[in-house]
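*Asks:* Each chain is listed here by its residues.
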Amino acid sequence: MAGIRIEGLSKDFGGPAVVSDVDLSIASGDFVVILGPSGCGKSTLLRMIAGLEEQGAGKIEIDGEPMEGVPPGRRGCAMVFQNYALYPHMSVAGNIGYALKVAGVPRAEREARVREVAAMLELEPLLERRPHQLSGGQRQRVAMGRAMVRRPRVFLFDEPLSNLDARLRLQMRLEIKRLHRALGATSIFVTHDQLEAMTMADRLVVMEGGRIRQVGAPGEVWRRPASRFVAGFVGTPPMIFFPARIDREGRARAAGGWEPCPGARWRLPEGAALELGVRPQDIAADPSSPGPRFAPDLAEDMGAELHIHARAPGGEAVTLIRRAGEAAPSAPFAVRIPAAHVHAFRAEDGARAEPEPVATESETQWRETRSSST
Amino acid sequence: MTVERGSPAFRIAVHGAMILLSLLAIFPLWWMIATSLRPEGEVFSTALFPASPTLENYRAALEALPMPRILWNTFAMAALTAAAQAASGLLAAYALVFWRFRGARTAQVLIALSWLVPFQVVMIPNYVLATRLGMLDSLAGLVIPNAAAAFAVLLMINALRSFPKEIVEAARMDGAGSLRILVEVIVPNLRAPLASLGVLAFISAWNEYFWPLLLIRRMEASVVQIGLQFFMTQEGNDWGPLMAAATMASLPILALYLVLHRQVIDSFMRSGIR
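Here the protein sequences line up with chains A and B, keeping their order.
For the first sequence, the numbering used here begins at 1 and goes up steadily by one.
For the second sequence, the numbering used here begins at 1 and goes up steadily by one.
Since the hints were derived computationally from the structure, they do not count as laboratory data.
Among the hints, a few may not be true.
Facing chain A, a subset of chain B residues (Cβ under 10 angstroms, in silico) [what the hints assert, rightly or not]:
1. ARG172
2. ARG180
3. PRO188
Glycine is no exception: its CB is placed at the ideal position from the N, C-alpha and C atoms.
Working from the sequences, and respecting the hints, build out all of it.
*Replies:* In C-alpha cells, the structure reads:
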C-alpha cells in the first residue's frame with residue numbers, strides 16, 4: 001500500500017499542455033476515480049504515474065520516493081488497460097504469471113500464486129485457454145489477475161470497463177470494488193463515465209482541459225460542484241441552466257425579467273452575469289411562476305422514475321424527474337428553482353457563486369418594502 | 001449496353017482475362033521445362049510438348065557443373081541472407097516504431113531512400129570493401145553486404161505499426177525490458193509477416209546474379225545463377241543443358257513458393273508495399 005503525491009505536474013506533446021500544473025495527493029488505500037471528458041488529460045496523467053509516459057515538469061512520488069526516471073516495471077504499479085492488452089500467444093496462466101516470470105520467481109511459487117489469483121477471480125477452469133477463446137468479461141478478469149498477481153503498491157485502471165456491455169460493466173464494477181476492499185491497495189481509476197465514477201470512488205477527481213477542476217467525495221462533488229463545468233458534467237440527466245443577470249437588489253433575473261429562483265440573493269454587482277443551475281430532481285413546476293411555459297415533449301419511463309423533457313418556445317429545455325406514481329405535468333408548465341437547491345456560477349469564469357444565506361420571511365418583507373419605496 | 005458487376009458476362013470477362021494473364025506468366029516456365037526435356041536436335045522446335053522427352057540434358061548439366069555443391073552454396077547464402085535481413089529489419093523497425101528518440105523520423109526517411117539507390121551505384125564500393133576484408137570467393141562475402149535491407153526494415157515497420165501498443169505497454173508494466181519484449185511478446189505474434197519477409201528475402205537472394213558474379217571466382221564457391229552462365233559461351237548457347245540447370249535452380253524456389261504463397265500474398269496485400 002502506498003500513498004501518491006503529485007506536485008505541479010505538467011505535460012505537453014509539443015503542442016498545448018495536455019496536463020497542466022496538477023497537484024494531487026492520494027492517501028494509501030484510497031480508491032480515487034479521475035473523471036473527465038475525452039481529451040481532458042486523465043489518461044496521460046495515469047500513464048505518467050505508471051511511467052509509460054515520460055513526466056514533463058513537476059514531481060510524482062509513490063511512498064515518498066520520486067518516480068522520475070524509474071521504469072514502469074519498478075514502480076510497484078500494475079495497470080489494467082481499456083482493451084485488456086492480454087498477450088495473445090500465451091495461455092491465461094501465462095498471461096497472469098508473466099510478470100512473475102520476468103521477475104525470476106521460481107516456477108513452483110509462480111504457479112501457486114497464479115492459482116491463488118485465479119481462484120479469487122474464478123478463472124481456474126480457464127487457465128489453459130488463450131485470450132481469443134475468452135469472452136469480454138473473462139478477458140477483463142484475466143487483465144485484473146495479471147495486475148493482482150504482482151501484489152502491486154498501486155493499481156491503475158485506464159477505462160477498463162468501457163468495452164463491456166452494460167450488465168457486465170455493473171458486475172465488474174462491484175467486483176473491482178470488492179477486490180479493492182479485500183486487497184486494500186491504493187487504486188486510481190480513470191473513466192469518462194460519471195455513473196462509474198460516482199459509484200466507485202472514495203474520492204472523485206474531475207478534470208477538464210488538463211487541469212483538476214474539483215476533488216472530493218462523489219456526493220460532495222454532486223451536491224456542491226465547484227464550477228459550471230463540474231456541475232454540467234457530473235449528474236445524469238445533466239443539470240439544467242438558466243443564464244441570468246443580477247439586478248439592483250441582488251436577485252438573478254433571466255431573459256425577459258423573470259426570476260428563476262425567487263428568494264435567493266447574491267452579493268454581486270448589478271449586471272453581473274450568472275448561470276443558475278438546478279438538478280432535474282430538484283426543479284419545481286410552479287404555475288405561479290412568470291417564466292416561460294415549458295411544453296412536455298418526451299417522457300422516458302425508467303421504471304422507478306419518469307424523466308420528462310420539456311421545451312419552451314424560446315428554445316430553453318428542462319428535464320423533470322418524477323417518481324413513478326407521482327403526478328406528471330401534461331400541459332405546458334412554468335418552473336421555479338427552490339432556493340435551497342440553486343447552484344449559481346459566474347459567467348466570466350464559471351466559478352461557484354453562493355447566494356447569501358436564505359432570507360427569513362421578515363427580511364424578505366423588509367427588502368420588498370424597501371424596494372417598493374425606492 | 002452496360003455490363004453489371006457480378007453479372008455472368010462480367011464474370012466470364014474477368015475470368016477470361018485472369019486465365020490469359022496466368023498463361024502469359026506460366027508460359028516461360030513451361031518453355032524452360034519443355035526445352036530441358038528435348039533431345040539436342042529438337043531444341044529449336046516450336047512444338048508445345050517435346051516429341052521424344054529425354055533426361056540427357058540433365059545428365060550433361062550435372063556432369064558439367066558440381067550441381068549439388070552449388071545448389072547447397074546457393075541455399076546457404078539465401079537462407080543466411082534471409083535470416084539476417086529478418087533479424088536486422090526487425091531490430092531496426094522495433095526501435096523506430098516503439099522508441100521515441102531524436103532523429104527517428106530522419107532515420108526512417110534515409111532508410112526508405114536507400115531502398116531507391118540502385119545496386120549499380122554501390123556495387124563498386126562494396127566490391128572494394130569486400131576485397132579488402134578478404135571476403136572474395138567466400139560465403140561471408142555473399143551474405144554480409146546484404147544482411148540489412150531497406151525493404152525488410154520497411155516491411156517490419158509496417159507490421160509493427162499495426163501491433164497493439166497496449167500489449168507492449170502491458171509487458172513494460174510487467175517489468176520486461178526491450179529485448180525481452182521483442183523476443184517474448186512481439187515475435188511470437190509476428191509469425192506471418194516474418195515468414196513472408198523470409199520467403200521474399202530468400203527468393204531474391206536465390207536469384208541474385210550480379211553480386212556473386214563480381215565476387216566469386218571458383219566454381220566450387222559459386223552459386224547456381226553463375227553456374228548457368230557456364231552454358232552460355234561465345235560459340236553459342238548450349239540450350240538443352242542450360243534449361244536443365246535452370247529448371248534445377250528454380251525447383252527449390254517453386255517448392256518454397258507453393259508451400260508459403262498464401263502468406264506471401266497476404267502480407268503484400270496488407271502491407272501495401274510494392
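*Asks:* Let me make sure I understand: some of the numbered hints might not hold for this structure. Which ones are they, in numerical order?
*Replies:* none
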